[in-house]
Amino acid sequence: MATETKKLSIICFSGDFDKAVAAFTLASGAAAVNWEVNVFFTFWGLNILKKQQGRRFIGKGVLPRFFNFLMGGSRNLPLSRLNFVGISPGLMTGMMKKRNVATLPELIESAKQLNVKLIACEMAMHILGLTKADLIDEVKEIIGVPTFLEYSKNGQIIFIS
Amino acid sequence: MATETKKLSIICFSGDFDKAVAAFTLASGAAAVNWEVNVFFTFWGLNILKKQQGRRFIGKGVLPRFFNFLMGGSRNLPLSRLNFVGISPGLMTGMMKKRNVATLPELIESAKQLNVKLIACEMAMHILGLTKADLIDEVKEIIGVPTFLEYSKNGQIIFIS
Amino acid sequence: MATETKKLSIICFSGDFDKAVAAFTLASGAAAVNWEVNVFFTFWGLNILKKQQGRRFIGKGVLPRFFNFLMGGSRNLPLSRLNFVGISPGLMTGMMKKRNVATLPELIESAKQLNVKLIACEMAMHILGLTKADLIDEVKEIIGVPTFLEYSKNGQIIFIS
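Chains A, B and C, in that order, are what the protein sequence lines are. Per this note's numbering, the first sequence starts with residue 1, numbered consecutively. Per this note's numbering, the second sequence starts with residue 162, numbered consecutively. Per this note's numbering, the third sequence starts with residue 323, numbered consecutively.
So here's chain A without its partners, still in its complex pose:
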């Protein structure tokens, strides 16, 4: 008789506000019922983890600095639809607060307390010229695809693009 595998790995490729909320809601929801949860942030998703919440010229190299500025930080996450020059993420947060639903910073905090492992993608960090120091302290590891797959073995993997 096979033992149950309760392990969820989320690849968060998106840096959209609504998708970040979905990623953390799933992560915390799973961790709350005792699933092992890894969230692997790559490319646009790294915006969610940047220490500098606003737009900054960070990273090594001219192109990455320019690109990181355009990407912005966690305060600049757009909505994937109906974005209206950045009004909508605030609108959505307003609706969430009104309904007593946890907002994104609260979701990140609860993920941390529930031992959700937040991981950054080594290659994306490299392309974007980012270092560990550019990310929030909650990020414990920077790993590549093989290690991520090792962590995810026999669990379920979700890709949020």
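It is possible that some hints are incorrect.
Computed cross-link-like contacts, DSSO-like style, restricted to lysine-lysine with a CA-CA straight-line distance of at most 27 Å [unchecked claim]:
{"id": "1", "chain 1": "B", "residue 1": "K168", "chain 2": "A", "residue 2": "K98"}
{"id": "2", "chain 1": "B", "residue 1": "K258", "chain 2": "C", "residue 2": "K382"}
{"id": "3", "chain 1": "C", "residue 1": "K454", "chain 2": "C", "residue 2": "K420"}
{"id": "4", "chain 1": "C", "residue 1": "K454", "chain 2": "B", "residue 2": "K314"}
{"id": "5", "chain 1": "C", "residue 1": "K328", "chain 2": "B", "residue 2": "K168"}
{"id": "6", "chain 1": "B", "residue 1": "K314", "chain 2": "C", "residue 2": "K382"}
{"id": "7", "chain 1": "C", "residue 1": "K454", "chain 2": "B", "residue 2": "K258"}
{"id": "8", "chain 1": "C", "residue 1": "K382", "chain 2": "A", "residue 2": "K140"}
{"id": "9", "chain 1": "A", "residue 1": "K6", "chain 2": "A", "residue 2": "K117"}
{"id": "10", "chain 1": "A", "residue 1": "K60", "chain 2": "A", "residue 2": "K97"}
{"id": "11", "chain 1": "A", "residue 1": "K153", "chain 2": "C", "residue 2": "K382"}
{"id": "12", "chain 1": "B", "residue 1": "K293", "chain 2": "A", "residue 2": "K6"}
{"id": "13", "chain 1": "A", "residue 1": "K153", "chain 2": "C", "residue 2": "K454"}
{"id": "14", "chain 1": "A", "residue 1": "K132", "chain 2": "A", "residue 2": "K98"}
Output of the computed footprint for chain B on chain C, the stretches with three or more beta carbons under 8 Å from beta carbons of chain B [claimed, not checked]:
{"id": "15", "region": "367-378"}
{"id": "16", "region": "460-468"}
Far from chain C by the CB rule (all over 12 Å, computed), these chain B residues [to be verified]:
{"id": "17", "residue": "D177"}
{"id": "18", "residue": "V300"}
{"id": "19", "residue": "I321"}
It should be emphasised that the hints constitute simulated quantities derived from the structure, not laboratory data. These figures come from a predicted structure and were not determined experimentally. The beta carbon of each residue, even a glycine, is placed where N, CA and C say it ideally should be.
With chain A's structure known, arrange chains B and C on it following the hints.
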């Protein structure tokens, strides 16, 4: 010897026309070869399930009513690319009909007949101020993340964003 | 004791440049550590596999020819964000080259050498009026959902949308 698990859970986060077609094609295709299939609609994906197919000010609260109007209903699903002020979903449906491929309403109907379980996300309903009465009758359950994970255990999970 | 399953199936629905890079990075990364990898390209994802790398009126039928022209080929893949009339994919490739990270054509080549199986979706080919001859030679099979699920059984499935 492990018994085969043939269970597919689809999280449909997207409300784009082309992705809805993909979600239902996968769901019906899997159900047709005897997989157990759950489709969990959340956020934008709830548009696909709205009873009112056009734009309506539904939901409780001013912001949700406004937001639901902008989101539209199943007749307003945009194409994720090349949308051209809404022409393309019709264009794609035209191509599908021409090739005798099932259109979205036909795919929903066949999913129903193949016992695909259509489920709405409790938290997204709450944020958007929607109730069971706003959704089509095919939706049998409104559940949260823990129940969804329970349903999906030992199966495969796909996230369509 | 269950034997480990090391099988990854990727559904590449997206035709965005950044997501194609993610799909092939995951595919090659997994294959390099001896996972069995299938990548199933559908709808917009078929652009990545088109033999004609530029915009061409290919496919059977007026609408599909028009639609394929608009979709473009592998040289027209847009970035999912910050696309700026097509400048960004080149910008991203520039950053990748600078960091000695494999570019998309290199990733496709290495996937091939690592025995990643590239598969095209039968129904999407049919809707878009494409035939095997329109795709690069690396594509070995054109299959439907049931066969894809059979290939993916007991592995992990990722949907890149």
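Cross-check of the supplied hints:
{"no.": "1", "hint": "B/K168 to A/K98", "result": "violated (37 Å)"}
{"no.": "2", "hint": "B/K258 to C/K382", "result": "holds (14 Å)"}
{"no.": "3", "hint": "C/K454 to C/K420", "result": "violated (35 Å)"}
{"no.": "4", "hint": "C/K454 to B/K314", "result": "violated (38 Å)"}
{"no.": "5", "hint": "C/K328 to B/K168", "result": "holds (18 Å)"}
{"no.": "6", "hint": "B/K314 to C/K382", "result": "violated (43 Å)"}
{"no.": "7", "hint": "C/K454 to B/K258", "result": "holds (22 Å)"}
{"no.": "8", "hint": "C/K382 to A/K140", "result": "violated (52 Å)"}
{"no.": "9", "hint": "A/K6 to A/K117", "result": "holds (15 Å)"}
{"no.": "10", "hint": "A/K60 to A/K97", "result": "violated (38 Å)"}
{"no.": "11", "hint": "A/K153 to C/K382", "result": "violated (43 Å)"}
{"no.": "12", "hint": "B/K293 to A/K6", "result": "violated (30 Å)"}
{"no.": "13", "hint": "A/K153 to C/K454", "result": "violated (34 Å)"}
{"no.": "14", "hint": "A/K132 to A/K98", "result": "violated (35 Å)"}
{"no.": "15", "hint": "367-378", "result": "violated (count 0)"}
{"no.": "16", "hint": "460-468", "result": "holds (count 3)"}
{"no.": "17", "hint": "D177", "result": "violated (8 Å)"}
{"no.": "18", "hint": "V300", "result": "holds (22 Å)"}
{"no.": "19", "hint": "I321", "result": "violated (5 Å)"}
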